[in-house]
Amino acid sequence: MMTTWATNELKTLAQQGYLVYLHTPYLQQQANRKNQAWQHKLMNQPVSFLTQYDLLFRRLTQLLILQGYDFSNFHPHQTLKKLLLLLEANVYSNAELSHVVECRHNLKYGFMDSPTPQAIKILDELSTRLQPFNA
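For the sequence shown, our numbering assigns the number 1 to the initial residue and increments by one for each residue that follows.
No lab work stands behind these hints: they were computed from the structure.
These numbers come from a predicted model, not from an experiment.
All C-beta atoms in this analysis are idealised placements derived from N, C-alpha and C, irrespective of residue type, glycine included.
Mixed in with the good hints there might be a few duds.
[To be verified] List time: in silico DMTMM-like cross-link candidates among lysine to aspartate or glutamate, alpha-carbon distance up to 20 Å: (1) K82 <-> E9; (2) K81 <-> D124; (3) K82 <-> D54; (4) K82 <-> E125; (5) K108 <-> D54; (6) K11 <-> E88; (7) K82 <-> E96; (8) K81 <-> E9; (9) K121 <-> E102; (10) K34 <-> D54; (11) K81 <-> E102; (12) K41 <-> D54; (13) K108 <-> E96; (14) K82 <-> E102; (15) K81 <-> E96; (16) K81 <-> D54; (17) K81 <-> E125; (18) K121 <-> E96; (19) K82 <-> D124; (20) K121 <-> D54; (21) K108 <-> D124.
[To be verified] Label-pair restraints from in silico Cβ distances: (22) M112 <-> T24: 37 to 43 Å; (23) T116 <-> M43: 22 to 28 Å; (24) M43 <-> A89: 22 to 28 Å; (25) S114 <-> Q30: 34 to 40 Å; (26) H75 <-> W38: 14 to 20 Å; (27) S48 <-> E9: 28 to 34 Å; (28) M112 <-> H23: 37 to 43 Å.
Could you put together the complete structure from these sequences and hints?
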């Protein structure tokens, strides 16, 4: 089983404004419901790089909520990258993960027509690794 994040790492990210601490069970339940609704919506969409990326984002959100945190609105995609780098089982460099995040941005805003083969490969591998958490 893949471990998630050390408490001090999450606390630091929260202090830096990247994460929100969900300090009551109610807030955790609320965040969980919102995340699950997004997940279901995404699962009904056609398969694409953007959908796959968003599902990965939702999976990491799920893991964060289990540890009492959620993404803040402050650079969420940079935060996603930071969280992936902090995973114990991470095998990707900062540059590789940045490339995936940039590809998502460029596709979403129409700066490119299709993702690079490298971005597709990394996203596929990440999705497979994090699959067990896709509830």
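Hint check results:
1. K82 <-> E9: Given pair K82, E9 holds - Cα atoms ~10 Å apart, limit 20 Å.
2. K81 <-> D124: holds, 15 Å
3. K82 <-> D54: holds, 16 Å
4. K82 <-> E125: holds, 17 Å
5. K108 <-> D54: holds, 11 Å
6. K11 <-> E88: holds, 17 Å
7. K82 <-> E96: holds, 12 Å
8. K81 <-> E9: Distance of about 14 Å is within 20 Å: holds.
9. K121 <-> E102: holds, 14 Å
10. K34 <-> D54: holds, 14 Å
11. K81 <-> E102: holds, 11 Å
12. K41 <-> D54: holds, 11 Å
13. K108 <-> E96: holds, 19 Å
14. K82 <-> E102: With Cα atoms ~14 Å apart, K82 and E102 stay inside 20 Å; holds.
15. K81 <-> E96: Holds, because 10 Å separates the two Cα atoms, which is no more than 20 Å.
16. K81 <-> D54: Holds - the C-alpha atoms of D54 and K81 are around 13 Å apart, at most 20 Å.
17. K81 <-> E125: Holds, at roughly 15 Å.
18. K121 <-> E96: holds, 11 Å
19. K82 <-> D124: Judged against 20 Å, a Cα distance of about 18 Å means the pair holds.
20. K121 <-> D54: Cα-Cα ~16 Å, so holds.
21. K108 <-> D124: Answer holds: K108 to D124 is near 18 Å, not above 20 Å.
22. M112 <-> T24: 37 to 43 Å: holds, 42 Å
23. T116 <-> M43: 22 to 28 Å: holds, 25 Å
24. M43 <-> A89: 22 to 28 Å: holds, 24 Å
25. S114 <-> Q30: 34 to 40 Å: holds, 37 Å
26. H75 <-> W38: 14 to 20 Å: holds, 19 Å
27. S48 <-> E9: 28 to 34 Å: holds, 31 Å
28. M112 <-> H23: 37 to 43 Å: holds, 40 Å
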